[in-house]
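Q: Keeping the supplied structure of chain E fixed, place chain L upon it in accordance with the hints.
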Amino acid sequence: MARVSRRQFLRVTAGGAAGALALGRAPAVAQTRELTFLSIASFVPETDKELKRQFEEWGAKNKVKVRLDIIAHLQLQTKKAAEVQARSGHDLTALGPGLGDADLYFDYLADLNDVATDVAPKNGGWLSQSDYLIRGKWKLLPWWQPPFPMAVRTDLLEKLGEKSPDTWEDWLRVGKKGKAMGHPFGTAMGHSGDANVTLLSILWSYGGSYVGKDGKTITINSKETRQAMDFVKRLYTEAMDPEVLAWDDASNNRCLNAGKCIAIHNPISAYESAKKDKVVVPGTQKEIAEVIDHIHTPRGPADRKATTGFWCVGIWNFSKNVDLAKDFLRYHFQPENLNKWVEAGHGFNMPFLTNLTRHPVYKSDKQYRFIPEVAKVTVPPSWPGPNTAASQQVWDLYIIPDMFAQHATGKMTADQAIAWAEKEMQEIYAGRKRKP
Amino acid sequence: MQLKTVEGDVAKLAARGEAPTAGLSDFLVRDTPVAYAFIGPAFFLLLFLVAYPFVLSLWFSLSDARVGETGSFVGLDNFARLLRSGIFLQTLQNSIVFTAAALTLKTVLGMILALLLFRLVRFKRLIRGAVLLPFIVPTALSTLVWWWMFEPLYSVVNWTLKSLHIVNYDIPWLPDPYLAMFTVILVNTWRGLPFFAITLLAGLVAIPRELYEAAESDGAGPIGRFWHVTVPLLKPVLAVVILFSAIFTLADFNIVYVLTKGGPFNMTHLFATYSFVLGLQSGQIGQGAAVSLFLFPILLAVVFVQLRMVRKAAMYD
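Residue numbers (this note's numbering), protein chains in the order written: chain E, 1 to 436; chain L, 437 to 753.
Excised from the complex, chain E in its bound form (with noise of 0.2 angstroms):
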């Protein structure tokens, strides 16, 4: 072998990475053509597994070395925000939860027009086009939504003589008969998503909302907002324990999994990893997930309505392969790969599209029945305002479980909570708006 001496080996490199600086670009060895993505840990990891599968698919075919990384979703945030500060990182990136993200980062993500339009009518359309219009532009596609059901214990329903809880306030009367035998329900009221979502979706029920259609204008202070609030504070002295407050996203899944609650409102990821780990019932042999079932998200005085993470993947425009981008994403909504994924995720991942809702594995156990309905009365975050990086700001600040656990616990009276929220949410829509 040759020897090359330390000054041989500095003045190559130096003079390569000289000529690198010089020219601008990779010298043409290197010149391979990468497309990065950035996507979140699905509670079903075999998701990922599936998507990574499409990704590598795709390059293989192109002749594109891809590169899928893949982290917690609570570090996304940050994530995206630190990509656009610096206007480098992946090429796609997935975005949410929530669609604000289109409009907080509208500048920085490449118009999708094209693709949204080519997608949709291979997979029935989109569900609900005009909410995923953000300033009239497809700034992102939205990607896929873990429905909300209700997931419950037949067999603690069973014991108390109950068939068939549809309303909130059935799930009242339930939950207080389970507290008092060691089998309380259980939703989060602290600062985790699924707070968002189930107090969101109580608040709808009860004809409440927190924004008007304009987007603008702040509707918190209602008499049905305060009737949604005594609900809550019902639930939570009556039916619950107080840990809900501290409870995070995987909380409710542990509880039910561990036989303690007798309800959560949440995804089908609880059942899922029951099944994988074939968790049993305390003090038995049994399985939980035989005794699991998922049932409608519940109904309210004025209405059924639900949300959950509208997640979504779109291209940041600082990415020099925009083109690409958009090629696999037209190749990972072809409606045979959507299904694939679909199938991968057990239907936790549901899309946006209408074919998809109605994908075999909905009906392939008895456990998925009710997704698609639920998926019917699902609405973004920020119903019936528009999505925006305000709502998105309401969203992350925790504002409607901070609103609804501070009269719960009785640090508030209804009117001072409501008046706090209230005043919170002027503050973030004002200072939101955006510069002419």
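Simulated from the structure, these hints should not be mistaken for lab results.
As the structure is a computational prediction, the values presented were derived from the model and not from experiment.
Fair warning: there could be bad hints in the mix.
[Said to hold, decoys possible] Negatives, chain E to chain L, calculated, CB over 10 angstroms:
| # | residue |
| --- | --- |
| 1 | R53 |
| 2 | A60 |
| 3 | L133 |
| 4 | T167 |
| 5 | D248 |
| 6 | D293 |
| 7 | N337 |
| 8 | V379 |
| 9 | K423 |
[Unchecked claim] Here are the simulated DSSO-like cross-link-like pairs (lysine-lysine), alpha carbons at most 30 angstroms apart as the crow flies:
| # | chain 1 | residue 1 | chain 2 | residue 2 |
| --- | --- | --- | --- | --- |
| 10 | L | K671 | E | K179 |
| 11 | E | K286 | L | K598 |
| 12 | E | K137 | E | K159 |
| 13 | E | K275 | E | K177 |
| 14 | E | K216 | E | K79 |
| 15 | E | K179 | E | K275 |
| 16 | E | K276 | E | K260 |
| 17 | E | K411 | E | K79 |
| 18 | E | K177 | E | K366 |
| 19 | E | K159 | E | K179 |
| 20 | L | K598 | E | K260 |
| 21 | E | K163 | E | K275 |
| 22 | L | K598 | E | K159 |
| 23 | E | K276 | E | K376 |
| 24 | E | K79 | E | K52 |
| 25 | L | K598 | E | K278 |
| 26 | E | K49 | E | K61 |
| 27 | L | K598 | E | K177 |
| 28 | L | K598 | E | K411 |
| 29 | E | K233 | L | K598 |
| 30 | L | K598 | E | K176 |
| 31 | E | K177 | E | K61 |
| 32 | E | K52 | E | K179 |
| 33 | E | K52 | E | K63 |
| 34 | E | K61 | E | K179 |
| 35 | E | K216 | E | K137 |
| 36 | E | K366 | E | K159 |
Every residue, glycine too, gets a C-beta built ideally from N, C-alpha and C.
A: Just chain L, lined up with the frame of chain E:
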């Protein structure tokens, strides 16, 4: 009873003060360009890693910058807006309570621990090393273990208390706002204690033994010796330790983020966690920067006063 002083350690410390290396250092000191060259790297590191981010965040706090936008100058608008926000006022209150309580606990317990370590004769090194553990383990990791211990459903603390029949219900460590604050203070104290103990121990070791003997012959008891010899002589060390710890405690992020995420209803948010939520998660960089810089003027005053105290105490020596 006689307080022991490790003479060897004192001798070593004294020896470190001198240590003449005449020839080489004389040359280096006189050669100004060489001196600049040596200071250069540190200076540039400070400039880019401390001064630049600081000036940038100062600018951010006075602008309406959002993620991806440099923003334009808005004066003190961000600060005015913060003062109108209930969440921020709560954060301000939490930060003061958290810092005051944690600092007091760390100072008192740290002093006790240092005195105990000082009197230790057997397994001295092993125990002194072990005491440092909480400080060495990455905070995010150790706090996660604390979270498991206090986690609502499987709390091992509650399990133990219930098994010992001390309580018959689950104590809501994290769901109750006051207990949650207690828990984050507890974990912060646990983590910061070694820093106090070991630094104060170094101070104790440096106090000449003769002073205690003189005090003893003047009839001072153990408490008198502690108040009139130990405390005054430890003051400079104590001031520096408290100063550093005040800054670190006020800027704590990991413990709250892992244990409570600022909840329940923002009752445990600190400047760093709220600034993170506002600045990075919601993209309001200007306001996020304003949150983290809010205490800067106060801290500056504290640093100034404390450093003056240290200097005075040093002169008294």
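Q: Each hint needs a verdict: does it hold in this structure or not?
A: Going down the list of hints, with the structure as the test:
| no. | hint | result |
| --- | --- | --- |
| 1 | R53 | holds (32 angstroms) |
| 2 | A60 | holds (34 angstroms) |
| 3 | L133 | holds (21 angstroms) |
| 4 | T167 | holds (27 angstroms) |
| 5 | D248 | violated (7 angstroms) |
| 6 | D293 | holds (22 angstroms) |
| 7 | N337 | holds (32 angstroms) |
| 8 | V379 | holds (22 angstroms) |
| 9 | K423 | violated (7 angstroms) |
| 10 | L:K671 <-> E:K179 | violated (56 angstroms) |
| 11 | E:K286 <-> L:K598 | holds (27 angstroms) |
| 12 | E:K137 <-> E:K159 | violated (52 angstroms) |
| 13 | E:K275 <-> E:K177 | holds (27 angstroms) |
| 14 | E:K216 <-> E:K79 | holds (29 angstroms) |
| 15 | E:K179 <-> E:K275 | holds (25 angstroms) |
| 16 | E:K276 <-> E:K260 | holds (19 angstroms) |
| 17 | E:K411 <-> E:K79 | violated (35 angstroms) |
| 18 | E:K177 <-> E:K366 | holds (27 angstroms) |
| 19 | E:K159 <-> E:K179 | holds (13 angstroms) |
| 20 | L:K598 <-> E:K260 | holds (17 angstroms) |
| 21 | E:K163 <-> E:K275 | holds (24 angstroms) |
| 22 | L:K598 <-> E:K159 | holds (28 angstroms) |
| 23 | E:K276 <-> E:K376 | holds (28 angstroms) |
| 24 | E:K79 <-> E:K52 | holds (20 angstroms) |
| 25 | L:K598 <-> E:K278 | holds (29 angstroms) |
| 26 | E:K49 <-> E:K61 | holds (18 angstroms) |
| 27 | L:K598 <-> E:K177 | holds (24 angstroms) |
| 28 | L:K598 <-> E:K411 | holds (28 angstroms) |
| 29 | E:K233 <-> L:K598 | holds (28 angstroms) |
| 30 | L:K598 <-> E:K176 | holds (24 angstroms) |
| 31 | E:K177 <-> E:K61 | violated (59 angstroms) |
| 32 | E:K52 <-> E:K179 | violated (43 angstroms) |
| 33 | E:K52 <-> E:K63 | holds (16 angstroms) |
| 34 | E:K61 <-> E:K179 | violated (57 angstroms) |
| 35 | E:K216 <-> E:K137 | holds (20 angstroms) |
| 36 | E:K366 <-> E:K159 | holds (22 angstroms) |
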